[in-house]
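Participant: Those protein sequences? They're chains A and B, same order as listed. Plus 4 on top of the position in the first sequence (first one is 1) and you've got the working numbering. Plus 4 on top of the position in the second sequence (first one is 1) and you've got the working numbering.
Hints are supplied without guarantee of correctness; some may be wrong.
Identical chains share a label here; the pair holds if one copy fits it or two copies do between them.
Claimed, not checked - With a straight-line Cα cutoff of 25 angstroms, these simulated DMTMM-like cross-link-like pairs (lysine to aspartate or glutamate) come out:
1. Lys43 to Glu86
2. Lys32 to Asp171
3. Lys142 to Asp174
4. Lys142 to Asp84
5. Lys43 to Glu182
6. Lys43 to Asp157
7. Lys43 to Glu55
8. Lys32 to Asp157
9. Lys32 to Glu14
10. Lys43 to Glu242
11. Lys32 to Glu182
12. Lys32 to Asp244
13. Lys142 to Asp79
None of these hints come from the bench; they were simulated from the model. Note that the coordinates shown come from a computational prediction; the quantities given were computed from them, not determined experimentally.
Number of protein chains: 2
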Amino acid sequence: MSAPAACSPEFINLAHRMADAGGEIARKYFRAGVSVDIKDDASPVTVADREIEAVLRDLIEAAYPAHGIFGEEQDTVRLDSEHIWVLDPIDGTRSFIAGVPLFGILICLLTNGRPVLGVLDQPILRERWIGAVGHGTKLNGAPVQVRSCAGLDKAMMFTTSPDMFRDETDVQYGRLRESVQLVRHGADCYAAGLLASGHADLMVEGSMQPYDYLPLVPVIENAGGIATDWSGAPLSLESDGLMVAAGDAAVHAAALARLAGS
Amino acid sequence: MSAPAACSPEFINLAHRMADAGGEIARKYFRAGVSVDIKDDASPVTVADREIEAVLRDLIEAAYPAHGIFGEEQDTVRLDSEHIWVLDPIDGTRSFIAGVPLFGILICLLTNGRPVLGVLDQPILRERWIGAVGHGTKLNGAPVQVRSCAGLDKAMMFTTSPDMFRDETDVQYGRLRESVQLVRHGADCYAAGLLASGHADLMVEGSMQPYDYLPLVPVIENAGGIATDWSGAPLSLESDGLMVAAGDAAVHAAALARLAGS
């Protein structure tokens, strides 16, 4: 595959406007006692998730009515488009519900199936990571970079919850967990920002949907990191929901090897 | 036991000065690439933990040289005193190291063995919960209150990591986890603040030291909640490191029953 062309600044501008609009809604409902519905897949959802996705979609439709949209809360449209926006209005809904300011508004642009733009916005802390091909990754406008790591046994790893893994993936995850220096749970998407900014080394997740993992890929990759599935293949709409990301290429390779059992 | 007398405002003032001084140090080292030592018990420690505890101790020694001190990083002194300060300079060191603003500076005053004053300070978010007998619990000066909860099956529960539990406690925790609506990991002490402020219902922890759990007791109790060990007994310097706290008394009782197997 050839390297994708630099992401259009117009798309980056739209992504900022989307995150601005979504953040206003999130701040309105945070710690305000919103009621929680439990979806068929046992995941929670609130009025904030639904309102934010609706606003993000309106902004896309107004600017680029031919673009496709793949979001968590509403039906997919125009998946045959060259450009597809992938939206998670609130990643980390458990955090949002419980008043923990680590949830994120996630926005991704796929061009010809490849993630070329990713936004991770934390509206309470007012931290916005945006990574785009040709533009690097920035936190609130300042370039960020992953850090090197001397080895898997020195790695600080994030995993939202070990409950995400079952049977074979639980065994694989267990092997990896025993190989790293420290593990921290419960950060959801926020871990990708910390990885991109060089505060952590490894992020391992499972049971993800495309709107959970695709927006994180440009944030990590354009900061110099690597994000793939557990076989080392690039992440796409068709991936199996398992992600491993690292700042250091050697640590990424070592993590893949531990997951594979070697 | 008789109810303890109201906590002296002088002690509350000292606790504020301690949290102010500790927070300055925490902000200086947060996301600044501090090196991490791994202690004999496999827990991490940094220069920030050590500097903060030293400053907190200096303030106590200057104000009340007869008071006892029980802290994480230095030796215990004057444990036979009427008043003993219990200190965790950074609870959630994993969060601190990885750039997650959910760690806390924890300060407790025991009077005749009972926790009468507790501080949970998050210096990055500049959120300070302080609970004291006779003074309620306040977040940045505003009174907070726990919320009611319709039942265990409606409860939002915090547990820092399921890895804290082994063998029998793992079985007990597993029973409780299956009985609640949602579980969130990785919040450490911050969960107690969210519980006191009525954003969560239940907090279950294990493998704790007195400096981890004692400061949380006045924060929770003076907001109307309950914090005990897993048998329902009050928490003290001699507790076994297992804590269950709830905003709603019926949910606390139901959680104790699930832990006990009924």
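Participant: Of all the hints numbered above, which does this structure not satisfy? Sort the numbers upward.
Facilitator: 1, 2, 3, 4, 8, 9, 11, 12, 13
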